[in-house]
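Peer 1: Combine the two chains into a complex, taking the hints into account.
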Amino acid sequence: EAGVAQSPRYKIIEKRQSVAFWCNPISGHATLYWYQQILGQGPKLLIQFQNNGVVDDSQLPKDRFSAERLKGVDSTLKIQPAKLEDSAVYLCASSRSEGMGEKLFFGSGTQLSVL
Amino acid sequence: GQNIDQPTEMTATEGAIVQINCTYQTSGFNGLFWYQQHAGEAPTFLSYNVLDGLEEKGRFSSFLSRSKGYSYLLLKELQMKDSASYLCASRKDYKLSFGAGTTVTVRA
Numbered sequence: 001e002a003g004v005a006q007s008p009r010y011k012i013i014e015k016r017q018s019v020a021f022w023c024n025p026i027s028g029h030a031t032l033y034w035y036q037q038i039l040g041q042g043p044k045l046l047i048q049f050q051n052n053g054v055v056d057d058s059q060l061p062k063d064r065f066s067a068e069r070l071k072g073v074d075s076t077l078k079i080q081p082a083k084l085e086d087s088a089v090y091l092c093a094s095s096r097s098e099g100m101g102e103k104l105f106f107g108s109g110t111q112l113s114v115l
Numbered sequence: 001g002q003n004i005d006q007p008t009e010m011t012a013t014e015g016a017i018v019q020i021n022c023t024y025q026t027s028g029f030n031g032l033f034w035y036q037q038h039a040g041e042a043p044t045f046l047s048y049n050v051l052d053g054l055e056e057k058g059r060f061s062s063f064l065s066r067s068k069g070y071s072y073l074l075l076k077e078l079q080m081k082d083s084a085s086y087l088c089a090s091r092k093d094y095k096l097s098f099g100a101g102t103t104v105t106v107r108a
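If you read the protein sequences in the order shown, they are chains A and B.
Each residue of the first sequence is one higher than the one before, starting from 1 at the first, in the numbering used here.
Each residue of the second sequence is one higher than the one before, starting from 1 at the first, in the numbering used here.
Next comes chain B alone, as it looks inside the complex (with noise of 0.2 Å):
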């Protein structure tokens, strides 16, 4: 594995902002995704960064630092409907390998 860490649980308020650490192993690294998870559904794709810096689409935001082996992802203006397990995953080489996933709550 690529001993992909992030945390298990987060919880929220509506509006609130919520930001998801991960960390994940240098060595032949090339890539960075986030997927949302509903439960019972299949992933969807959410971010993909490659260089050091911030990517920001919408209210979802994430960021990456190659030297340090960590990104996060940063969800701003929470919806009840952002609640979802949210996957980070690590490439190496061809292969992406996924953490276990945060489990967002959001509460009103």
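So here's chain A without its partners, still in its complex pose (with noise of 0.2 Å):
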């Protein structure tokens, strides 16, 4: 079974530079999540959608970040414009749903350096 893929795997821009994430969930995962991961911090949730549908994007920094995932499959993140702060890991999980004991798969992540 195919894993969450990411790209890219790095990634330098320059602060007010615009940046975006892409993920491919795991086939047949309805549930998808956006993880922010800070150096030394664990994953702050930063959207997550249930098949094309959003279910929390309350801790998203709506000024500057958007995401959607079209049909219901592969994601996308973006930042515009970035600033020094949004240096972190970018991990995208997903589950076979929200149900209670399922667990989350994650990708490799996108490293991103805000300069």
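These are calculated hints, taken from the structure and not from any lab test.
Note that the structure is a prediction, hence the values are computed from the model and not measured.
Hints may contain errors.
[Said to hold, decoys possible] Covered stretches of chain A (chain B as the covering partner; in silico rule of three or more C-beta atoms under 8 Å from a C-beta of chain B):
(1) 34-47
(2) 102-114
[What the hints assert, rightly or not] DSS-like cross-link-like pairs, simulated, lysine-lysine; straight-line CA separation at most 27 Å:
(3) Lys57/B x Lys103/A
(4) Lys71/A x Lys95/B
(5) Lys62/A x Lys44/A
(6) Lys68/B x Lys103/A
(7) Lys92/B x Lys44/A
(8) Lys92/B x Lys62/A
(9) Lys71/A x Lys103/A
(10) Lys11/A x Lys78/A
(11) Lys44/A x Lys71/A
(12) Lys44/A x Lys95/B
(13) Lys95/B x Lys103/A
(14) Lys81/B x Lys44/A
(15) Lys76/B x Lys103/A
(16) Lys92/B x Lys103/A
(17) Lys81/B x Lys103/A
(18) Lys44/A x Lys68/B
(19) Lys83/A x Lys44/A
(20) Lys62/A x Lys15/A
(21) Lys62/A x Lys83/A
(22) Lys62/A x Lys11/A
(23) Lys78/A x Lys44/A
(24) Lys76/B x Lys57/B
(25) Lys95/B x Lys62/A
(26) Lys83/A x Lys11/A
(27) Lys95/B x Lys78/A
(28) Lys68/B x Lys95/B
(29) Lys11/A x Lys44/A
(30) Lys78/A x Lys103/A
(31) Lys44/A x Lys103/A
(32) Lys81/B x Lys57/B
(33) Lys92/B x Lys68/B
Ideal Cβ placement from N, Cα and C applies to all residues, glycine included.
Peer 2: See the structure below:
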């Protein structure tokens, strides 16, 4: 079974530039998550999709971050414009559903450095 | 957030046992996960507890007390490859929130 695919693996940009990350979840997984992990901290949920609908985006800085999951499969996360504090690893995860015991499978992440 | 607390660092010797404690808010709780994360890699699932008690899976065991808002992950017969960050994650409704992680260093 193929895992969660993410690209790019690394990205370096200057502040005020824009950047986009792509995620392809495990086939058949209805729930998709974007987490931000700052060095030395645990992952923080940015947005959660159930199929192509948003379940939770309460911690997404909506003035600069946007995400979409067209057709309920792939997803993209965009930052425009980027700030220095956005430097982090952006992890995409998927699960079969939102069910209580459903475990999340994570991709390798995109490491973003904002200079 | 869900105020998930776990120690920042722990060090142990190869072959020894280490216990990583985690406390969380009990309101709306419906499950506790442990994930392992090696440096520069994605988190991988270790265990899930929703009922009180101990779940054993090989060298790793996880315990939950719902009334106390407390869990621990027990790593036995430590190996060098167990050096990693261990993330406690609490599920409230549909949302999974992670603690900051405990970095375990295994020394020869």
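Peer 1: Are any of the numbered hints broken by this structure? If so, which, sorted upward?
Peer 2: none
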